[in-house]
Amino acid sequence: MNEIVMLASSAVFFLAQPKVPSTPCAILPSMSIHPIEFRYGTKEMKDIWEEDYRLRCLFRVEAALSLAEEELGMIPQGAAAEIAAAAESTLPERAKQIEDEIGHDMMATVLAMAECAPKFGEWIHLGATSNDILDTATGLQIKASLDVLQPKLKALLALLLDLAINNKSLVCAGRTHGQIAVPTTYGLRFAIWASEIARHMERLEQLRPRAAVGKMSGAVGTQAAFGLKGMVIQARVMEHLGLNEVDVSNQVVQRDRHAEMICWMALVASTLDKIFVVMRTLQRTEIAEVEEGFGKKQVGSSTMPHKRNPIKSEQICGLSRIVRAQILPAFENIPLWDERDLTNSSSERIIFPEAFIFTDHLITLATRTLRGLRLRPENIERNLTMLHGLNMAENVMVELAKKGVGRQQAHEIMRQSSMAAFEQKRELTEILLENETVVAYLNAKDIEAMLDPHQYIGTAVAQVERLYEKLQKLYLA
Numbered sequence: 020m021n022e023i024v025m026l027a028s029s030a031v032f033f034l035a036q037p038k039v040p041s042t043p044c045a046i047l048p049s050m051s052i053h054p055i056e057f058r059y060g061t062k063e064m065k066d067i068w069e070e071d072y073r074l075r076c077l078f079r080v081e082a083a084l085s086l087a088e089e090e091l092g093m094i095p096q097g098a099a100a101e102i103a104a105a106a107e108s109t110l111p112e113r114a115k116q117i118e119d120e121i122g123h124d125m126m127a128t129v130l131a132m133a134e135c136a137p138k139f140g141e142w143i144h145l146g147a148t149s150n151d152i153l154d155t156a157t158g159l160q161i162k163a164s165l166d167v168l169q170p171k172l173k174a175l176l177a178l179l180l181d182l183a184i185n186n187k188s189l190v191c192a193g194r195t196h197g198q199i200a201v202p203t204t205y206g207l208r209f210a211i212w213a214s215e216i217a218r219h220m221e222r223l224e225q226l227r228p229r230a231a232v233g234k235m236s237g238a239v240g241t242q243a244a245f246g247l248k249g250m251v252i253q254a255r256v257m258e259h260l261g262l263n264e265v266d267v268s269n270q271v272v273q274r275d276r277h278a279e280m281i282c283w284m285a286l287v288a289s290t291l292d293k294i295f296v297v298m299r300t301l302q303r304t305e306i307a308e309v310e311e312g313f314g315k316k317q318v319g320s321s322t323m324p325h326k327r328n329p330i331k332s333e334q335i336c337g338l339s340r341i342v343r344a345q346i347l348p349a350f351e352n353i354p355l356w357d358e359r360d361l362t363n364s365s366s367e368r369i370i371f372p373e374a375f376i377f378t379d380h381l382i383t384l385a386t387r388t389l390r391g392l393r394l395r396p397e398n399i400e401r402n403l404t405m406l407h408g409l410n411m412a413e414n415v416m417v418e419l420a421k422k423g424v425g426r427q428q429a430h431e432i433m434r435q436s437s438m439a440a441f442e443q444k445r446e447l448t449e450i451l452l453e454n455e456t457v458v459a460y461l462n463a464k465d466i467e468a469m470l471d472p473h474q475y476i477g478t479a480v481a482q483v484e485r486l487y488e489k490l491q492k493l494y495l496a
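All letters in the sequence shown, in the order written, are residues 20 to 496 by our numbering.
These aren't lab readings, by the way, just hints derived from the structure by calculation.
Among these hints, one or two may not hold up.
[Claimed, not checked] Computed cross-link-like contacts, SDA-like style, restricted to lysine to any residue with a CA-CA straight-line distance of at most 25 Å: (1) K331 with F350; (2) K115 with K173; (3) K489 with A468; (4) K173 with R390; (5) K293 with S149; (6) K293 with D471; (7) K162 with G97; (8) K489 with Q225; (9) K162 with I306; (10) K248 with R343; (11) K331 with E141; (12) K65 with L110; (13) K171 with N269; (14) K171 with A459.
All values derive from a computational prediction rather than experimental measurement.
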């Protein structure tokens, strides 16, 4: 018996432990760990945050510094051209090799470039501190990333506006607290989301000059190593790079700028989360008003062949949490010791790429999913009318008040009548026609007209048309 137990235990252990190849020839190629590397994100955004691109940004900043210093007579004539050529020819792999030897990434960059500038290599990095180059290179990456996100956000806005205007009169059941409320329209829903995306466009325009910045301020911000030309050098370097310059800084660009940028991405992600929480709800089997695209060969479940799961909507909601999670470290990077410490550096190597890559992925996926969205008019109509007029009690209440019944009395009449219709499973019209106060002011035809949900959408269509016109002019003209 004990042997059986031992054998069973061994089997469980075997099943629980992946088998490690015992010989080198059996070892598989190494595979990625982070899902960004193989599952999420677009190539164009990943390219910006790869180490190769970052190192080339460092080379570019060093070249811009040399150009500014040569223009001001601080380094020999001809040095800037050779250093610029070195910035083009230096291999990022060589900088990484040197870093492995000396343990300092910025100095490794300088030494790698110097190898490709035999005559003027000694002039590279004159007067600068590491973070002059590092933070300015980050500014270049941020600028490139925002250049990717802005047109994608604009395309998403255009799509939502089209969905709004094309469905401006599609009446559907509104819902509050998860319960059917008075009617709304699909056009108004899409318009609300489009308006929110437009605010993100406005915020992006406002934060861009604060986030995509660089500086040349030296070890503690005084620019002492540049002498009296420090302010001019900083301005010229940023002009050459196409970045805004900071007004003042210590050894680092102040991290409130980056925290604002991360917050903006979290806001965008949260709007997409908001949209697709609704999309997921509306795809529930018992509601079934919308359906995200489902491929001909797509599998919904490994065991339930009938399933058409809203996996794209769920992925958007899930990954939005990762973007929001970057807010805390971004805020904690604001209070650094004195003129700076190094606690921001390690976390930013993670939060910047993750925030940008996931935000880009979310916008891309949201746009693709909304383009493939299918509305189900028959189910929209079914849900709109399933309460047989109960959700139109507000309309009758307001009309009674207009005709002279006190607003509070009208509310109580409609509340009691609605509860009675619900509990007794009777038509609301029938209950109302038994009420002496109601029939003193309304007849059966009046009540029937007021219980038609298609006639109770107020200014929804006009609001959609106004927003469409406004945002087309602001962002899409």
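inquiry  = What's the verdict on K248 and R343, does the C-alpha distance respect the 25 Å limit or exceed it?
reply    = violated (42 Å)
ask   = Is the straight-line distance between the alpha-carbon of K293 and that of S149 25 Å or less?
value = violated (41 Å)
key: Pair hint outcome, K293 versus D471 [Cα-Cα no greater than 25 Å]   = The hint is violated at about 30 Å.
ask   = When you check the alpha-carbon spacing of K173 and R390, does it fall within 25 Å?
value = Holds: K173 and R390 sit about 14 Å apart, inside 25 Å.
task = Would you check the hint for K171 and N269, treating anything up to 25 Å between C-alpha atoms as holding?
result = Answer violated: K171 to N269 is near 35 Å, above 25 Å.
Given hint K173 paired with K115 - CA-CA distance at most 25 Å = violated (38 Å)
ask   = Are the Cα positions of K162 and G97 separated by 25 Å at most?
value = Roughly 29 Å separates the two Cα atoms, so the pair is violated.
task = For the pair we were handed, K171 and A459, check the Cα-Cα distance against 25 Å.
result = violated (59 Å)
message = Can you confirm whether the C-alpha distance between K331 and F350 stays at or below 25 Å?
response = violated (30 Å)
ask   = Would the pair K162 and I306 pass a check requiring their Cα atoms to be no farther apart than 25 Å?
value = Violated, at about 43 Å.
query = Is the Cα-Cα distance between K331 and E141 25 Å or less?
reply = This hinted pair is violated, its Cα atoms lying about 54 Å apart.
ask   = Given the hint that K489 pairs with Q225, does the C-alpha gap stay at or below 25 Å?
value = holds (19 Å)
The structure fails to meet hints 1, 2, 3, 5, 6, 7, 9, 10, 11, 13 and 14 from the earlier list, while all remaining hints are met.
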